[in-house]
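Relying on the hints, combine the two individually framed chains into one complex.
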Amino acid sequence: MSHIHFPDGVLPVWLWASGFIVAILIGGILLRFTKKEELTRRLPLLGMMAAVMVLGASVEIVPIAYHVNLTVFSGILLGPSLIFLATFVVNVVLALFGHGGITVIGLNTLTLSIEGILGYYCFRFFWRVLKRLTPAIFLGTFIALLFSTFAMIGVVGLGTSHYEELIHQEGKGIFEFHLSKEKEEHHPGEAAEEKVNLRRFMAIVLPLGFIGWILEGVITALIARYVQRLRPDLLRLKN
Amino acid sequence: MIQLSYLDYSAVEGKSFLHRLSPTLKIIGMLLVLFVIVTLRHLPGLFLLYVILLTLFFVARVPKKIFSLTLYPLIFAFLFIFLSGFQIFFILLIFLKVLCGSTGVVLLLASTPYPSIFSVLGRVLPSIFVMALFLTYRSIFILLTVLEETQHALYLRGGVQWKHPWRSLINISNGFGHLIIQGIDASEKMYESMLIRGFKGKIHYRGE
Numbered sequence: 001m002s003h004i005h006f007p008d009g010v011l012p013v014w015l016w017a018s019g020f021i022v023a024i025l026i027g028g029i030l031l032r033f034t035k036k037e038e039l040t041r042r043l044p045l046l047g048m049m050a051a052v053m054v055l056g057a058s059v060e061i062v063p064i065a066y067h068v069n070l071t072v073f074s075g076i077l078l079g080p081s082l083i084f085l086a087t088f089v090v091n092v093v094l095a096l097f098g099h100g101g102i103t104v105i106g107l108n109t110l111t112l113s114i115e116g117i118l119g120y121y122c123f124r125f126f127w128r129v130l131k132r133l134t135p136a137i138f139l140g141t142f143i144a145l146l147f148s149t150f151a152m153i154g155v156v157g158l159g160t161s162h163y164e165e166l167i168h169q170e171g172k173g174i175f176e177f178h179l180s181k182e183k184e185e186h187h188p189g190e191a192a193e194e195k196v197n198l199r200r201f202m203a204i205v206l207p208l209g210f211i212g213w214i215l216e217g218v219i220t221a222l223i224a225r226y227v228q229r230l231r232p233d234l235l236r237l238k239n
Numbered sequence: 001m002i003q004l005s006y007l008d009y010s011a012v013e014g015k016s017f018l019h020r021l022s023p024t025l026k027i028i029g030m031l032l033v034l035f036v037i038v039t040l041r042h043l044p045g046l047f048l049l050y051v052i053l054l055t056l057f058f059v060a061r062v063p064k065k066i067f068s069l070t071l072y073p074l075i076f077a078f079l080f081i082f083l084s085g086f087q088i089f090f091i092l093l094i095f096l097k098v099l100c101g102s103t104g105v106v107l108l109l110a111s112t113p114y115p116s117i118f119s120v121l122g123r124v125l126p127s128i129f130v131m132a133l134f135l136t137y138r139s140i141f142i143l144l145t146v147l148e149e150t151q152h153a154l155y156l157r158g159g160v161q162w163k164h165p166w167r168s169l170i171n172i173s174n175g176f177g178h179l180i181i182q183g184i185d186a187s188e189k190m191y192e193s194m195l196i197r198g199f200k201g202k203i204h205y206r207g208e
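Protein sequence lines correspond, in order, to chains A and B. If you use our numbering, the first sequence corresponds to residues 1 to 239, in order. If you use our numbering, the second sequence corresponds to residues 1 to 208, in order.
Okay, chain B solo, but in the shape it has when bound (with noise of 0.2 Å):
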């Protein structure tokens, strides 16, 4: 999760052509992408498919870091090679589906601005589904800093070793524990900074 920050950090600090194109282009060029993925069972044509994005994500200069984001989605495609009955031609139609799936999505959030992004779909999708969705988007990023702060004090203070199982057990829940509280005050206030600054159930966002 920590390659998330990364991932805004490109999307508004990125140069590119791609960084630049109008983010209801790109969404438009997921939703094409995904259209392919869900009707193609073609090994070469998904390759190519995989190939093109691959290179978009290289000429767009993401961070390399966040290429491994795109990987990740692999370790719960391997449960198919049990359901195929170890097929080689199904499983490369998986994995080349989850892999073109993956990078594209990654690639749509490392070279947008989520704002941008949560702008657009807000054109479409109910006013507050969109801002649940803002509002969990910008809880990742504050929770974040307290997860990576409880992660470093229980490890400073030996708080998880493998040799005390139960002990450690109790820590990660307790760390889980701080970050909901935390999370919680934190989202009180939230609440009431939005409401000295107008909040009156919906939020506007800025232009492209």
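Isolated chain A (complex conformation) (with noise of 0.2 Å):
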């Protein structure tokens, strides 16, 4: 459900730039702390954590349109800097076969790397605490699907009175191209409207949202338990 499945042209050009910009830097700055060497190693792991979560959006539960994301486990196995460029390349890979637009991969890495992070660190923390490997990584996972699921939330948010300008826009011009925040002024009813329909979304999203957290949760917390039971080696836990 973090998954921004937006397609190109929806959200206003400034918020999907900032969107690229941001993650770039981000990109360039956990890269530029990443040994090269350590790198260069882990690339082929890296090729193929994100080869699974390809896979993963392709199995798709069809009644609430969810699939796993499989993005904490992944966060789990390469950690932190390494899961930002793998679902830096997950999104570039998802919007080249056509799932979301390629205009939206910057907010999709960011919101989707929330979730590989968080889970990561989330999971790390009730691992300490708990010292049982299921309830720590459903924890972990559910936790980091609710922020980024929010997050996902405040950058639709961010683009409502762009939707409200297409919504009203039939028949008052053929192109569009702003680079600014500036906007049209709306009368105290269609800022409502616009309010409104954002609950509405909340409203059918959060519910789906919900059912995808646990799924998700059970699903990688099932995924941990048969992983560690083969190859103990690979989720590094301490005892």
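A portion of the hints provided could be inaccurate.
What the hints assert, rightly or not - Straight line, CA to CA, 35 Å or less: simulated DSBU-like cross-link-like pairs of lysine-lysine:
#	chain 1	residue 1	chain 2	residue 2
1	B	Lys202	B	Lys163
2	B	Lys64	A	Lys131
3	B	Lys202	B	Lys189
4	B	Lys15	B	Lys202
5	B	Lys189	B	Lys65
6	B	Lys200	A	Lys35
7	B	Lys202	A	Lys35
8	A	Lys238	A	Lys36
9	A	Lys36	B	Lys189
10	A	Lys36	B	Lys64
11	A	Lys238	B	Lys200
12	B	Lys65	B	Lys163
13	B	Lys163	B	Lys200
14	A	Lys131	A	Lys36
15	B	Lys200	A	Lys36
16	A	Lys131	B	Lys163
17	A	Lys131	A	Lys35
18	B	Lys64	A	Lys238
19	A	Lys238	A	Lys131
20	A	Lys35	B	Lys189
21	B	Lys200	B	Lys189
22	A	Lys238	A	Lys35
It should be emphasised that the hints constitute simulated quantities derived from the structure, not laboratory data.
Shown next, in the form of structure tokens:
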């Protein structure tokens, strides 16, 4: 649910352009602080985990349009800096298959990496406190997904005035290209309608998201249990 | 995701004029399509763009099985129906933008082998990013085989039954766990073979 399946041309230019700039800046800083040898050595693993995330995205639970992300588990395996690059790559590949727009790659990377990075830290924290793998992974995944879904809703909310413009665009003009946040004045009634519409969006997304967080949490915990049984070295857990 | 292999097959084996066109030109064309999608707010204009892309899709003899891939993003576009308050103009605008975008990218990928795309991207993007992209794309095909085998094994042994949701969930998760372990093993072998072939932190692509 945290993945914004936004098509191109829906979000305002300033928003998706900022998403790209912030994502590139964070990516650049993280890569600068990662040792080159370490990065080169772990690149095939990064590619493999990114591929796992892409394949996870292909397993669709049709009635609620949900698919597993496996970002939290990949974050745990790759660590916080590499998961950022992995989510960037995943979003590029998904966009190339028409799964989300190309212009929203930056924003999608930011929201999805929140999931991976937060999932990593939450899992480490709960593991230290609970010392039990299944609840630690479940809680880590649940919290990470909760935050990233709200981050996604925040992004949707930032573009509300732009959707309003699009809705009332009919017959006004052909082209539009604004780099600034400038907008037309709205009547108070229109503003109310805007608010109601975002609430409606949240009313649809949050209950579906809740099912998704539980499902993803359970699936991630079961996967971790399986992996821990066969390859305990991968999760690097100390008792 | 099974269509991915068809996509790759179409890109490599296709002989149409679009397949023969330079990858750089096709990427520039895709960027133009993207620019139109971002800036155009005119239904007939977007409809015309979609018709052009559809014509190119069929003229380039891209396998029809792939066409469903262009419709997939519509599932998520349905959320906008609720956001817009059921405004027909807005819904049509979004749907056409979705269809133009997805048809454009699928057309690019179905007519251009991915090493050629990455070779062009390698000129403008950091090499580490292009390398990660290349390894991910390659890994998808390695894992796709494992995923298909795991899926068959699960179905043949009755691993997924809606009558037993908890057991099915455990089996599906174990399937993913198996996929991840196989993937990690394959990545370790891949790194070793890359080192043997003289990998020093950069993959060099052959010219177009």
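Would you check the hint for Lys200 (chain B) and Lys35 (chain A), treating anything up to 35 Å between C-alpha atoms as holding? Roughly 14 Å separates the two Cα atoms, so the pair holds.
- Given the proposed pairing of Lys202 (chain B) with Lys35 (chain A), does the C-alpha separation stay at or below 35 Å? Within the cut-off at roughly 15 Å; holds.
query: Given the proposed pairing of Lys200 (chain B) with Lys189 (chain B), does the C-alpha separation stay at or below 35 Å?
result: holds, 16 Å
Agreement of Lys64 (chain B) and Lys238 (chain A) with the hint, judged by alpha carbon distance not exceeding 35 Å
Judged against 35 Å, a Cα distance of about 52 Å means the pair is violated.
**OP:** With a cut-off of 35 Å on the C-alpha distance, tell me whether Lys131 (chain A) and Lys163 (chain B) pass.
**Re:** Answer holds: Lys131 (chain A) to Lys163 (chain B) is near 34 Å, not above 35 Å.
Check: Taking 35 Å as the top limit, are the C-alpha atoms of Lys200 (chain B) and Lys36 (chain A) close enough?
Finding: holds, 11 Å
- Restraint status (C-alpha distance of Lys35 (chain A) to Lys189 (chain B) at most 35 Å): Holds, because 22 Å separates the two Cα atoms, which is no more than 35 Å.
Checklist entry - Regarding the pair Lys189 (chain B) and Lys65 (chain B), is the alpha-carbon distance no greater than 35 Å? => result holds, 33 Å
With the threshold set at 35 Å, check whether the alpha-carbon distance from Lys238 (chain A) to Lys131 (chain A) stays at or below it. Status holds; Cα separation ~9 Å.
Q. Has the given pair, Lys36 (chain A) with Lys64 (chain B), been kept, meaning a C-alpha gap of at most 35 Å?
A. Cα-Cα ~44 Å, so violated.
Has the given pair, Lys131 (chain A) with Lys36 (chain A), been kept, meaning a C-alpha gap of at most 35 Å?
holds, 33 Å
request  = For the pair we were handed, Lys15 (chain B) and Lys202 (chain B), check the Cα-Cα distance against 35 Å.
outcome  = With a Cα-Cα distance of about 31 Å, the restraint between Lys15 (chain B) and Lys202 (chain B) holds, given a limit of 35 Å.
Taken one by one, the earlier hints fail for this structure at numbers 1, 2, 10, 13, 18, listed in ascending order.
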